[in-house]
Each structure stands twice: as structure tokens, then as C-alpha cells.
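Just so we're on the same page, our numbering is the position in the sequence shown counted from 1, plus 1182.
These aren't lab readings, by the way, just hints derived from the structure by calculation.
We treat Cβ as the ideally placed atom computed from N, Cα and C, and that holds for glycine.
One thing to keep in mind: the hints can contain errors.
Unchecked claim - Computed beta-carbon distance windows for the label pairs:
hint, residue 1, residue 2, range
1, 1845, 2063, 58 to 68 Å
2, 1653, 1306, 53 to 63 Å
3, 1870, 1490, 39 to 49 Å
4, 1926, 1886, 15 to 25 Å
5, 1775, 1845, 58 to 68 Å
6, 1493, 1271, 42 to 52 Å
What the hints assert, rightly or not - Restricting the straight-line Cα-Cα distance to at most 27 Å, the calculated cross-link-like pairs of lysine-lysine (DSS-like) are:
hint, residue 1, residue 2
7, 1573, 1633
8, 2032, 1914
9, 1980, 1647
10, 1998, 1928
11, 1502, 1214
12, 1942, 1905
13, 1905, 1998
14, 1841, 1801
15, 1928, 1914
16, 1998, 2109
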Amino acid sequence: MKTLHIRQEMDQPQKSAPHVSKLFVCTAVDCKDEIEEKFERSFINLQLQIVGLSDKEMHDILSQIVCKDKQHEEISIGFLYIMLTDPVMAPKTYRDVTLVSRDGMNVIVANLTLLVAEKYTKLTEIARRQLIWVLREFVKHQVLSVENVIWNCLRQAGGGDASHRNLFLIESLLDIFIEYRTWLEGNPFLVQSTVYSFVRLIEDHANPALMPLRQKEVKFIISLIRERFHDVIPLGRDFVRLLQNVARIPEFEQLWRDILFNPKCLHPTFNGIWHLLQVRTSRRFLQCRLLPDMERKISFLASSVKFGNQKKYQDWFQDKYFATPESHSLRSDLIRFIINVIHPTNDMLCSDIIPRWAIIGWLISSCTNPIASANAKLSLFYDWLFFDPSKDNIMNIEPGILVMYHSIRNHPFVSSTLLDFLCRITKNFYVNHEDKIRMGVYNSLKLILDKQVIPNIQPLFESPKLDRELRSLIRENFREFLAPGASLNQPMYPLLHPNQTHNLKKEIDQRFLHEENVDLLGTRVINNAETALLLVDEDKKLALVPADLEVEDVFNIEDAESFGKLYKIEENTDDDDDLPLSKVRLKEKPKVELAEAIADSFETFITKRNSYTWEAFLKDFRSLPASAVEEFQLNYVISNTVLILRETLPQQNIFSESKTEEKLLAKSISYPLYGLFRFLYENDEKNKKPFQTLLSEICDRIPEIGYLFLYFMKIYYKLQARKNSQQSYQFKTSIYRQICDAINDKIGNCLVRDLDLLEKENTIIYLWLLPDIYREFKSIAVNNTDILRITLRCIDAKNVRDIIYSVAQGKLTIFKQDGLIDCIRESLEFETYEQFCLWQIVQAHDVSLKSIQDLLPELEAGSHSEALSHFLLLLKNEEPTNEIIRLMLSREAKTRGDPFVTSALRFWCQRYEEKLSEIIASLLTSKYPSSSPNKRKRPSKGNIVASSTPSADQVLYHLEHYRRSCRHGTGTGLYVHDMMQRALQSAHSHSNEVTKKQFSDLFALAAEDDTTAVGRRGGSGRGRKQPVGKKDVNNHSTTNKKNSEMMKTIYSSDENFSEEDWSKPKMAQVAKKRKKAINDSD
């Protein structure tokens, strides 16, 4: 009967209750995947086979069933399910499976491996504990391939996690290793994985509550390292990094002493710490330190998320894995994994997928722990320190340079800290072998430039955004990459074999071949705590790079041979050994016969390559008609001209170092390209077609030509004015227009693009040219949001000060009132610092509030805090007007109110209470035109209601929130004045029940009486007002005074009550008192 019942459940699952899994923790929204379904199905099928049978019958029937492969797997998985979910039946089930299994339990081990790797986080608490029991039994009976399950369990023992669940797994695995150490030592790879994992985990167990576990770990790992050191050596340089994190523990301190001073006691073939540093760590050990789920998430981020859309994924990852203080150490593991394991394909590099450097930059910049931050930086540059181009992969050093290169513009602090760290770690990481460390860094930078990972290193190393001390440190450490004319093929440091200086690679090989056994890090590492801390700060994370995925060199042997041939030609045809490669290529080009009018001048220009010969050629070429030059002749002139113009421009320091010294200024514009500008400046006539074609090609092939022309005009105009102060010189924008026409683009687009390039090249020169740009291109630059954004992203406090000085002196005009509101509207998306600088500059222009006040209803309290802050400061200097109040009350009033409106109203109440009350009352009354049926109000002149008109509910919302902000009667005078009283009464009488209930406390401030217009049933609304006698005036004054006192009574409620909860009985009493007071006055 029981068997039949189970079969009925299988046949009609839709009618039976859902099966509750004993193996997996499932929520209502979880769907079972293939693995879960397989385990559940195998368990049910096994139950169907053995239910109601004795042990002997069960063994007999199962022995027949398992002869089929599919049935064998299902039966094996079913037994595994029972062992993991039923602690009581587990021993008996294990005996049964040993009798039934016919493959040495390979199926069980394979499925258990899959279960641990993919579903460990979903296992129930009982299943986790039973998993340890099963592993212990497998190790005890030496089941084949159980080390695979153990390795996956080690992966699930996550770093940076001190939760009870994680600690249970770590301690359980440790107990298995201690109890069955002989079995462990028989598997070298598992020994390496165990040492690597537990040395990393010990770092996280510094809490005093975990000291017993930590001491057990240290004792076991130290003995394993010492006894199996020949297995530990392949761990390589990453093992050194991990050991430095635990160097303060006494047992590891003694191990460090032996590694440094007595390496032979550990193993006869071990030669010291440099022996380990030269060995790259296998990627499997690096992978071992990431949870499988974490690995999947970070791989998805680096392969499927588009650049710009990554923030929500990063926030989720941050909340999931970086929520605890211990989790900071995970950042180094992640960075090493990204650098050494995730190597994107060429297609991915060319796509819009988020690059590796952006992910690493986020991991470093979001770290708040100083030690973890230093470890993360070292993990980024760790491969640089030992880089050998003949063996190592350029993908391992690419993220480090790209993080710095791409951060220098918008996040200079990130680049500064990384550059400072790189300079200091190069010198201090390993003092005894500093020359080898420097060679590794040098090799890294040289290969980066050779393979053009970045186009030029000067914008990074010589950026004006770096402080002076850091730039000095960079020049000291990387002078070969900064000195003019330095050859990267010359070795940086003295060679061990001076006769081999012609070949850098051979020099490196010889240094390794003739390496001496010198102690690393000296006694400084262990003997004093300060140095040990430095070690912890500096010596962090490494990862391996697999040999099978090495990236091939971009230049093959044939390219190298052709490159050598070029230099061979150079040596045979010119006595100057320093002849540039471009000049060599010019000499190789076949000569083309040109027209007589330009042949001599062009030959002279090619030979002398200076500005004077260039201008002489331009003079001849300009008058040349199209019929006098063939297309191939024109192409020949263009290609050689562009090559020379680019070659003669300096590779660095293209701008003058002084803004006042005439010699330096004149020298900076003495190159041939500036000769073109000078020629165009002095010759305004219309150009003929060949010259126009030449100009177009030059502009198209030299992108910098636009901002170089702007720089030239500034210098040339300044120098000419100094030479001849009586003659006036113009900043000819017409020439710049010619350049824009030559590339078929609008002048506005060209100006923005050129200024953007200039700011990236040299911020100081950009700011120096700024006043001239706004003066000469006034119609384009003024109120230009794009130019404004370029300016704001590069200025600091001193620059803002200088800009404000220039505006105050009338030398600079960035804004005009017409159209300023559109500029400010677009700036609302800028960074906070940029917006604060913007408002400082806006205030310097004395912009009237009237020109930008229409923006008030659009500003949101949560998103536009910078603009609202400055608007409030402007409003404090203004009196309330109908227009301003209308715009302010048109702002959306949310549940919690609008603090901006409340703040402005409270400020104005202190000075213009009566005027403010009348304006708001008039605005509220206008929402109910039927309140005065016999009298039509005409809008006053110049006060026509605009499109942004607040609704009645909006006005009432703002008044209600203002009422709530009043404490102990302060600011309550706004509601006392007669117009406001009548307006509130009118609003009350024309509101529906929902509105009356919603604003009941507000309406209670103006309780109706029999004498009001709204409360009267009779009387004429058109009659002229009766004259008020002196006695009536006194009575009316007395009434207002009483009203004011009653307002104070209302707002001075007991502090135990909420500001928002007003008792209705109290309101009724106040209303009665007010009514009685008015009747008395009558």
C-alpha cells in the first residue's frame, strides 16, 4: 500500500503537496535547477525500490538494478542523499553503498564534488554537518578522488568571513587534515592548496575570541611547511606575500628567520627568498581563494556588463561581500584574480564591456581600511616588481598603468596615491635586491610603451595635477622615461657585464645567471615591529599567470629585422648616428619632380626643416594654381610635409615654461607648424585649391592643430604688442574659422574639442588662454555648457579665485543673463564640487535672481541640493514678490514638505511678515474665484499668471508644512493677518471633505464666525465698505491682538505632543475663545 501511494504521488504531482527538500534550503521564489532535480528524483526512485524490503532483499534487488549504468548512478546519488540528510541512517547507508557500488564510489565522489562546487551555499545545516562526516569516512577508507571534494571544500572556506558557518567548515577541514595527515602528505597538490589556503585564512583570525582556532591552525601549518617545504616551493612569490601578512605571529617569525638566514635547514635545494620570488604562482591557488559564487559574479561583471552600467552590480557586490570589517582583505584576492586570470579577448577589448582597470579602480578607491588599501595597491603592482618580458604576460601589468592613466583627469587622487606607492615600493620592497626590483619595473614600463598600451606616458608622469614632491619623486625613480632624448634601449642600471651593454635582454639574462645568494629584506623584516608593519602594508597579493595563455608579442621577428634594416640604411647614408627614424624614411622615399615654382623651396624645407624655410615654401605654394600640380605631386608634398611638421614638434614641454619671459615664449612658437599660423596671419587673401587641400590634410592628420593655433595667437599677439605698442594687433578668429572649414566642422564643435584636448594636455595653459577664448569667441563661449564643464573639471580653489578676480576686473565674462537659465539647468548633472565652483562664478557676474528664478519649480530637494543652497542665499537678499512666491509655491510639496520653501518663508517672516502674508493669501484666494461672486479681480499690470502656477493643494501643502515647522509660536504671525484669515476661511469653505480633513489643523487657525463673508447668508457683496470709526479701529486692533495671542496658544502646545498631531478638542476650545473675543469686540 505504501508503494502504491508513492507511485500515485509520482504520477499526480499536481494534486499532492509539494515535496519539501531535506537537502537544500529553498525559498518561495527559488526554482529547482537540474542538480537539485537530479538529487531529489534519485532519492525518490531509490525509495520506490527499497521501501518495505529487508536488508537482504534490498541488497539482492539493488545488485541486479545497478548493472545498468543509468540505474547505478541514480541508486548511488539516492544513497548519497540519505547520508547527507539522515544522521541516524548515515552509517548503515554507507555500509549499503559499499556493498552495492561497483565503481569504487566514483559516481558518488563526482556528484559530491559537483554538489560542493555549485550548491554548497544552499545546503541545509544538517547537510553541511553530514558532508563533513562523509568526507571523514571517505578519507578514512581512502576513496579515490576524494581530494577533489576536499579542494572544493577549501574553496568554500572563504577569506574575510568570520561567520559561525564558515568557521565550522574551516575547523572541520583542519581536524580531518590533522587526523589523516599521512593521507594528506601523499597528495602534493592538496598539501600546496592547504598551506596556501590556511596561511591566507590565519590572517583573518586575529580576533581574541578565535585564538584557540588560530593556534591550532598555526601549529599544524608551520609543521606542514617545515616538513614538506619541497612541496611549498612551487607556491612561489604569492606564498611570500601571504607569509608577510602573518609575520608577527611568533611561529611564523621564526620561519622568516630561517628563510632569510638559514634557508638550507628548510630544504637542501632552497637558496633563499629570491628563489621563491622568481617563481610565478599557479592560477589554481589564486582561484582557490575566491568563493565559486564570487568568481562567477566578478567574471560576469568583467565579461557581460557595459561600461557605464556597472554601478548597480558594484553596489550589489559591495553589500554581498564587503559588508563586514574582516572582508577588506578580500580586495587583494579579487585584484590578483582579475589581473592574472581574467584576460579579455581582442573582441572584448574593442567592445564597450567594462575594462579590468575600471573594476580594479573601484575596488581600490572604495576601500576604507588603510592596511587593506596598501595591500590592494601592492597586489596591483606585484607583477611589475619581477617582470621579465621574455617570460611574463603584458596582460598582468596592463591594468596598473591604465588605472593611473585614466584616473589622472577626473580622479587625480587615485593616480597620485598609486604613483607614490609605485615609487616607494620600488625602493623599499627588497632593499638587498633593489636593482632587480627596479629592473622589473623598468621592463614593465618599457614594454607598456613599446606595445602602446598607452600612447604617451608624459601626461601621467608630468601632470600638473600631481604635487611638486610627487613629481620630484617620479623624476628620481623614472628619469629614463622623462629625460628628453632618452633611449629606452639603453639599460637603466650598471650591468654585471659591461661589455654587453648593447643588448638589454642579454643583460637581464646574465644578471639572473650570475645571481648571488644574498639575504632578502635583511634583519629589518623580523627584528623590529615597525618594519614588520611596513611589510604588511606593502607586501600584498599576487596571482599566477598561466603559461598556456601567454600573449604573443605584437612585433614578430620579421618586423624586428626590417626595423634593423632601417637603422642599417641610416648608418650608411648619414654621419649622424642620432638621425631620426622619420628622416630615414624620408630618404628612402623616391623623389618626385615638382613644379619649378616650388621645387627649390620644398627641397630646402626638407633639408633644413625649420620655420623660415617652411614659410618660404608656403609663399611659393600659395600662389600655385591647380593646373600646375598633379595629384601624385600634391600627395607627395602633403605626406612629407605632415611628417616633418609632426617630427619637428617637441615630444614634451611643447608649451613655454614661462608666461612672461619673451625668449621662452618666442622659442615655444618657433617650430614649423607655428610658421603655418604665422603665414596665415600675415596673408588674408583667398587661398587657391592646392593650398587649401594641403591645409585640410594638415588639419586632419594633426589633431592638436586647433589648440596649438589658439596658443600661438595668444603668444604672437602678446609679443607683437610688446614690440610695437602703437600699432594694434588682432586676435584673428577668422584663421581659426579657416581651420574649422578645412575639416568640415562647425566652429563651435571644433572649439569645444580643441579646448578639451588642451585641458588634457596642459591645464595651466588652458586656464591661461581662457580669458582670450571668452573674449574672442564671445558668441560661442559665453553660456556654453561644454566649455564650462571642461573648465570646472580641472580647477581648484586657487583657480576659482583667479577666475573671480578676472570677472571682477572685467577681463573675463563667462555668463550673460540671457540664456543663463539653460546653462544652469544643464549643469545640474555636474559633480558637487563643479556645481559649487559654478555658483561662485555665477555670483561673481552679479546675475539677477529674475533671470534664473524660473528654474525654482524644477529643482528637486534630493537631486539638486547644490543649486537649492545657492538659490536660498540669493533669496535672502531679495524681498518677497508675487512672482517669486508663485514660483516657490509651485514646487512639488511631498509628504515631508519642502525644506527649501519653509526656510525661505521663515526668513522672510522675520522682516516682511505682513507683505508675505498678503502675497500668499492673495495667491490662495485666487484659486477660489467663486469666493467673491459679485466682484471680478483683474490681474495687475506686469503680473500676468505664468504657466508655473501652484494649485490650491500645493499652496495649502506648503502652508501646512510651514505651520509644522513653527515651534512655541515663532513665525506664527503669518496666519494672524486678516487677508490670510479670510483666505484660509475661503479655502475651507470651498474644499471637499477629504481636503478639510487633511488640512484640519491649518484651517483651525482661521475658524469661521458669523461676521465673515463666507459665513454670512445674507448681505450685499457689492456695497461700499462702511467707514471705520475710531472706536471700531481700536476694537479691530484689540481683536488682532487677541488673535495673535490665540495663535501663540495653539503653537505653544505641550512638548509631549507631536508637532503634527493636534488635538481636536483643543482646537474647538480655541475656536470658541476666538469667536467670543470677536463678539465682544463687536
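Each hint, compared with the structure:
Checked against the hint of 58 to 68 Å, the C-beta distance between residue 1845 and residue 2063 comes to roughly 59 Å, which is consistent with it. A hinted range of 53 to 63 Å for the beta carbons of residue 1653 and residue 1306 is consistent with their spacing of about 60 Å. For the pair residue 1870 and residue 1490, the supplied restraint of 39 to 49 Å holds, since their beta-carbon distance comes to about 47 Å. At about 18 Å, the beta-carbon gap between residue 1926 and residue 1886 stays in the expected band of 15 to 25 Å.
For residue 1775 and residue 1845, the hinted distance range of 58 to 68 Å is not satisfied, since their beta carbons lie about 41 Å from each other. One distance hint, 42 to 52 Å for the beta-carbon pair residue 1493 and residue 1271, holds here, with the actual separation near 50 Å. With a C-alpha separation of about 16 Å, the suggested pairing of residue 1573 with residue 1633 holds against the 27 Å cut-off. A threshold of 27 Å between alpha carbons decides the hint, and for residue 2032 with residue 1914 the separation of about 36 Å lies outside it, so the pair is violated.
At roughly 13 Å between alpha-carbon atoms, residue 1980 and residue 1647 fall within 27 Å of each other, so this suggested pair holds. Of the pairs offered as hints, the one joining residue 1998 and residue 1928 holds, with about 22 Å between alpha carbons and a cut-off of 27 Å not exceeded. Distance restraint check for residue 1502 and residue 1214: the Cα-Cα separation of roughly 22 Å lies within the 27 Å cut-off, and the hinted pair is therefore satisfied. Restraint check for residue 1942 and residue 1905: not satisfied, since their Cα atoms lie roughly 32 Å apart, outside the 27 Å limit.
For the proposed pair residue 1905 and residue 1998, the alpha carbon gap of about 35 Å is over 27 Å, so the pair is violated. With a C-alpha separation of about 31 Å, the suggested pair residue 1841 and residue 1801 falls outside the 27 Å cut-off, and the hint is violated. The hinted pair formed by residue 1928 and residue 1914 meets the criterion: a straight-line CA distance of about 17 Å does not exceed 27 Å. Taken as a hint, the residue 1998 and residue 2109 pair is broken in the structure, with Cα atoms around 36 Å apart against an allowance of 27 Å.
Comparing the model with each earlier hint shows violations of hints 5, 8, 12, 13, 14, 16; every other hint is respected.
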